[in-house]
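Participant: Here's the letter readout for the chains.
Number of protein chains: 4
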Amino acid sequence: MLEELKEEVVQANLELTKQGLVKYTWGNASAIDRESGLFVIKPSGVDYETMKASDMVVVDLKGNVVEGDLNPSSDTPTHAVLYEHYPEIGGIAHTHSTWATIWAQAGLDVPAMGTTHADTFYGPVPCARFLTQEEIDRGYEAETGKVIIETFEERGLDVLAVPGVLLHGHAPFTWGKDVKSAVMNSVVLEEISKMNLFARELNHFAQELPQRILDKHYLRKHGENAYYGQK
Amino acid sequence: MLEELKEEVVQANLELTKQGLVKYTWGNASAIDRESGLFVIKPSGVDYETMKASDMVVVDLKGNVVEGDLNPSSDTPTHAVLYEHYPEIGGIAHTHSTWATIWAQAGLDVPAMGTTHADTFYGPVPCARFLTQEEIDRGYEAETGKVIIETFEERGLDVLAVPGVLLHGHAPFTWGKDVKSAVMNSVVLEEISKMNLFARELNHFAQELPQRILDKHYLRKHGENAYYGQK
Amino acid sequence: MLEELKEEVVQANLELTKQGLVKYTWGNASAIDRESGLFVIKPSGVDYETMKASDMVVVDLKGNVVEGDLNPSSDTPTHAVLYEHYPEIGGIAHTHSTWATIWAQAGLDVPAMGTTHADTFYGPVPCARFLTQEEIDRGYEAETGKVIIETFEERGLDVLAVPGVLLHGHAPFTWGKDVKSAVMNSVVLEEISKMNLFARELNHFAQELPQRILDKHYLRKHGENAYYGQK
Amino acid sequence: MLEELKEEVVQANLELTKQGLVKYTWGNASAIDRESGLFVIKPSGVDYETMKASDMVVVDLKGNVVEGDLNPSSDTPTHAVLYEHYPEIGGIAHTHSTWATIWAQAGLDVPAMGTTHADTFYGPVPCARFLTQEEIDRGYEAETGKVIIETFEERGLDVLAVPGVLLHGHAPFTWGKDVKSAVMNSVVLEEISKMNLFARELNHFAQELPQRILDKHYLRKHGENAYYGQK
Chain P
88 MLEELKEEVV QANLELTKQG LVKYTWGNAS AIDRESGLFV IKPSGVDYET
138 MKASDMVVVD LKGNVVEGDL NPSSDTPTHA VLYEHYPEIG GIAHTHSTWA
188 TIWAQAGLDV PAMGTTHADT FYGPVPCARF LTQEEIDRGY EAETGKVIIE
238 TFEERGLDVL AVPGVLLHGH APFTWGKDVK SAVMNSVVLE EISKMNLFAR
288 ELNHFAQELP QRILDKHYLR KHGENAYYGQ K
Chain X
88 MLEELKEEVV QANLELTKQG LVKYTWGNAS AIDRESGLFV IKPSGVDYET
138 MKASDMVVVD LKGNVVEGDL NPSSDTPTHA VLYEHYPEIG GIAHTHSTWA
188 TIWAQAGLDV PAMGTTHADT FYGPVPCARF LTQEEIDRGY EAETGKVIIE
238 TFEERGLDVL AVPGVLLHGH APFTWGKDVK SAVMNSVVLE EISKMNLFAR
288 ELNHFAQELP QRILDKHYLR KHGENAYYGQ K
Chain D
88 MLEELKEEVV QANLELTKQG LVKYTWGNAS AIDRESGLFV IKPSGVDYET
138 MKASDMVVVD LKGNVVEGDL NPSSDTPTHA VLYEHYPEIG GIAHTHSTWA
188 TIWAQAGLDV PAMGTTHADT FYGPVPCARF LTQEEIDRGY EAETGKVIIE
238 TFEERGLDVL AVPGVLLHGH APFTWGKDVK SAVMNSVVLE EISKMNLFAR
288 ELNHFAQELP QRILDKHYLR KHGENAYYGQ K
Chain L
88 MLEELKEEVV QANLELTKQG LVKYTWGNAS AIDRESGLFV IKPSGVDYET
138 MKASDMVVVD LKGNVVEGDL NPSSDTPTHA VLYEHYPEIG GIAHTHSTWA
188 TIWAQAGLDV PAMGTTHADT FYGPVPCARF LTQEEIDRGY EAETGKVIIE
238 TFEERGLDVL AVPGVLLHGH APFTWGKDVK SAVMNSVVLE EISKMNLFAR
288 ELNHFAQELP QRILDKHYLR KHGENAYYGQ K
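Residue numbers (our numbering), protein chains in the order written: chain P, 88 to 318; chain X, 88 to 318; chain D, 88 to 318; chain L, 88 to 318.
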């Protein structure tokens with residue numbers, strides 16, 4: 088079942104490695120089929136070099152395995168919670184990519200300092216809080232999803248306009264309309280995390296991108312009047 | 088038309104990727120044929136892996152497409168404005184390369200700290216100001232070109248002696264007598280941006296290169312009495 | 088003798104190079120056969136490009152060569168002391184990998200700042216003290232092993248829960264149940280050394296990972312109730 | 088003439104590129120035949136991808152071309168001055184490698200902070216002063232060699248024990264008993280330049296390697312009682 092989606096998901100996982108965002112088995116990408124309400128995710132702890140489409144696991148929105156011989160990624164409940172809450176999301180990626188993880192470990196939002204940021208993220212990428220002991224006991228991975236939702240709701244953020252988050256002390260999650268764009272958003276987040284760190288180091292008084300430039304760049308690529316690329 | 092120039096332009100765009108200056112479609116290079124007053128530029132948002140010479144777009148100095156099935160780069164008006172104002176320029180490159188973009192985001196000129204800089208740039212690489220709301224409304228990309236010209240005129244700079252600029256909050260543009268040297272200047276700017284950042288971090292009191300060494304290095308490679316390379 | 092182990096050891100040494108942890112001959116990995124009490128180690132100063140299983144040297148726990156035409160790694164006595172003292176260790180790796188060496192040169196423990204750290208190291212990675220003149224005179228390499236043991240004993244650390252150490256002014260050693268995991272622990276230590284340095288640079292007040300998150304991540308991968316990966 | 092040496096020199100130049108120390112034509116390596124008093128050096132500004140042994144230029148100690156169709160490296164007089172003054176040197180390499188150049192631009196000696204440094208350089212790598220206007224006028228490249236000699240003499244340094252130097256605002260030169268070790272010393276200098284910069288950034292109070300460890304590491308690889316590698 089969902090053979091095409093499995094192929095997309097395995098390609099997305101391999102792309103994470105190819106882009107240098109994932110070492111060993113430290114990452115996972117998934118995609119959902121909204122019609123059936125099932126999503127396809129990478130198995131847990133399996134070598135990227137031998138991973139193939141048929142190793143992908145099919146899971147329902149409660150996190151139950153529907154098809155597959157291998158255990159799904161240990162982060163599966165996080166994916167399930169996000170897919171259930173945000174019907175506009177089609178794919179999710181999780182990595183421990185170096186520079187985004189550095190911001191997560193610093194416990195700071197990634198501010199919008201340049202147009203490379205604004206082309207993809209319409210404002211700062213938020214850093215979500217540490218989980219409490221109670222949340223960890225209740226179920227670490229599902230509660231991680233809930234803390235992401237809490238962060239976006241408290242700040243009133245549109246989940247597709249800001250398609251990523253940092254988890255304090257952990258690492259980033261990104262998403263998109265499909266798994267390919269979720270992976271691309273991981274690549275962008277990694278690059279802007281590096282750029283913005285050193286921009287601040289170089290000039291401690293460097294300002295965030297003025298709102299007018301943020302608007303211009305985000306909106307020339309996204310929204311009704313976008314004119315970037317081929318139509 | 089302009090088949091040879093199209094080949095040069097596609098090679099220059101691929102070189103930007105090969106040199107690690109461009110991720111995805113975040114860059115563009117162009118070259119002008121001064122006889123016809125037409126220039127050749129990369130199409131917008133097209134994958135580098137499949138891009139070929141026949142995908143290149145031919146544009147006039149008003150930015151109108153003269154030949155080509157694809158939309159030209161969204162930055163085409165910036166190229167057009169620069170080609171029109173500076174007849175000595177034969178090629179232009181634009182990237183979001185990491186270290187040059189960091190200086191752009193910091194809003195600082197790249198000072199001439201070493202001979203690697205002096206071999207190519209005869210003095211600091213200027214950082215141009217943010218555009219105003221009025222300029223954005225009038226036409227973001229063309230006005231970007233005008234702000235570059237404003238920066239060079241205010242400082243009395245020779246556009247071939249300092250063949251590049253940073254745009255505050257955005258990224259670099261470089262140019263040269265042809266598109267190959269424009270790309271090479273992007274590579275140099277990226278490298279010196281990295282070196283100069285860390286030289287200042289290592290020694291906050293590090294001085295700029297003395298004028299006499301700047302002169303020596305620039306002039307042994309450029310100008311009448313140059314003696315570097317093969318003649 | 089120990090042909091399989093030699094193959095494992097040569098592969099582990101090559102993996103150190105492939106992962107970018109070793110330049111030239113600056114590293115070594117070994118594995119022990121507990122039944123015979125003999126270990127297999129890389130020869131000293133031999134080129135990785137031509138190194139093969141039959142070049143590996145078999146050594147006893149006193150550091151005497153039992154089989155092999157080449158001199159064993161000059162660090163062999165360090166390996167011998169560790170294998171003798173810690174029967175739970177099956178493999179050891181030593182590199183001068185850039186970021187871990189930077190912490191060693193700074194003379195600082197690598198604090199547990201994130202879950203990438205917690206997935207492998209159950210707490211800070213300690214930095215052992217410089218050797219004294221007396222220790223150097225007595226035998227630099229064997230005494231290095233003893234200083235590692237001293238460090239772990241003074242702090243009451245479990246050698247498999249914290250499978251690595253920094254030597255002040257020198258570089259890291261890592262270990263594991265076998266040589267493959269020793270190498271993997273070197274890769275993790277390198278990555279967290281980089282992340283943790285820049286997390287602290289980005290936010291000088293960044294806190295260490297709360298104990299509850301450290302516990303959760305370490306224990307979901309290790310110990311009785313681990314649920315990461317395939318069983 | 089000197090066909091074998093030409094082959095060594097072309098390989099050394101290619102190794103500089105392969106090791107990531109040289110972009111475009113920004114580097115040069117040479118080797119001397121002490122019997123004839125002639126040395127072989129890379130031509131100036133020639134592409135590394137097409138460079139072959141027969142392109143190498145043979146030069147005498149006054150810097151006069153003895154054989155070769157191409158202009159020798161513009162830095163040839165620096166090599167000549169060093170070969171003439173130091174009969175123990177067999178090969179020289181010059182690069183603008185990123186991290187060593189950063190120290191040169193910062194105008195600082197690279198302190199001995201770790202054993203990676205001590206394995207190759209027996210003490211700090213000195214940074215030589217800027218040339219004066221008079222020196223530049225007299226002959227920039229030959230005077231560069233003289234300033235290197237001045238630096239070593241003022242500090243009483245053994246040129247083979249400290250086989251490299253930084254030129255303030257410029258970049259490193261390294262040397263060795265042959266051109267292969269000159270290149271290797273460039274690689275080591277680049278690596279320790281990176282490590283030492285970040286060790287100091289991580290811990291501003293990080294101390295230099297104690298003399299006893301510096302002695303131990305340098306002397307276990309060099310000198311009469313060396314025991315590293317295969318004999």
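It cannot be assumed that every hint is accurate.
Because identical chains cannot be distinguished in the list, a pair is counted as satisfied if it fits within a single copy or across any two copies.
[Unchecked claim] With a straight-line cut-off of 25 Å between C-alpha atoms, the simulated SDA-like cross-links for lysine to any residue are:
#	residue 1	residue 2
1	308	136
2	105	226
3	303	120
4	264	229
For the record, the hints were derived by calculation from the structure and aren't laboratory data. Since we're looking at a predicted model, the values are computed, not measured.
Participant: Now tell me, hint by hint, if it's right for this structure.
Facilitator: Checked hints:
1. 308 - 136: between (35 Å within a copy, 21 Å between copies)
2. 105 - 226: For residue 105 and residue 226, the Cα distance exceeds 25 Å both inside one copy (32 Å) and across copies (38 Å).
3. 303 - 120: For residue 303 and residue 120, the Cα distance exceeds 25 Å both inside one copy (33 Å) and across copies (31 Å).
4. 264 - 229: Within one copy, since 21 Å is at most 25 Å while 32 Å is not.
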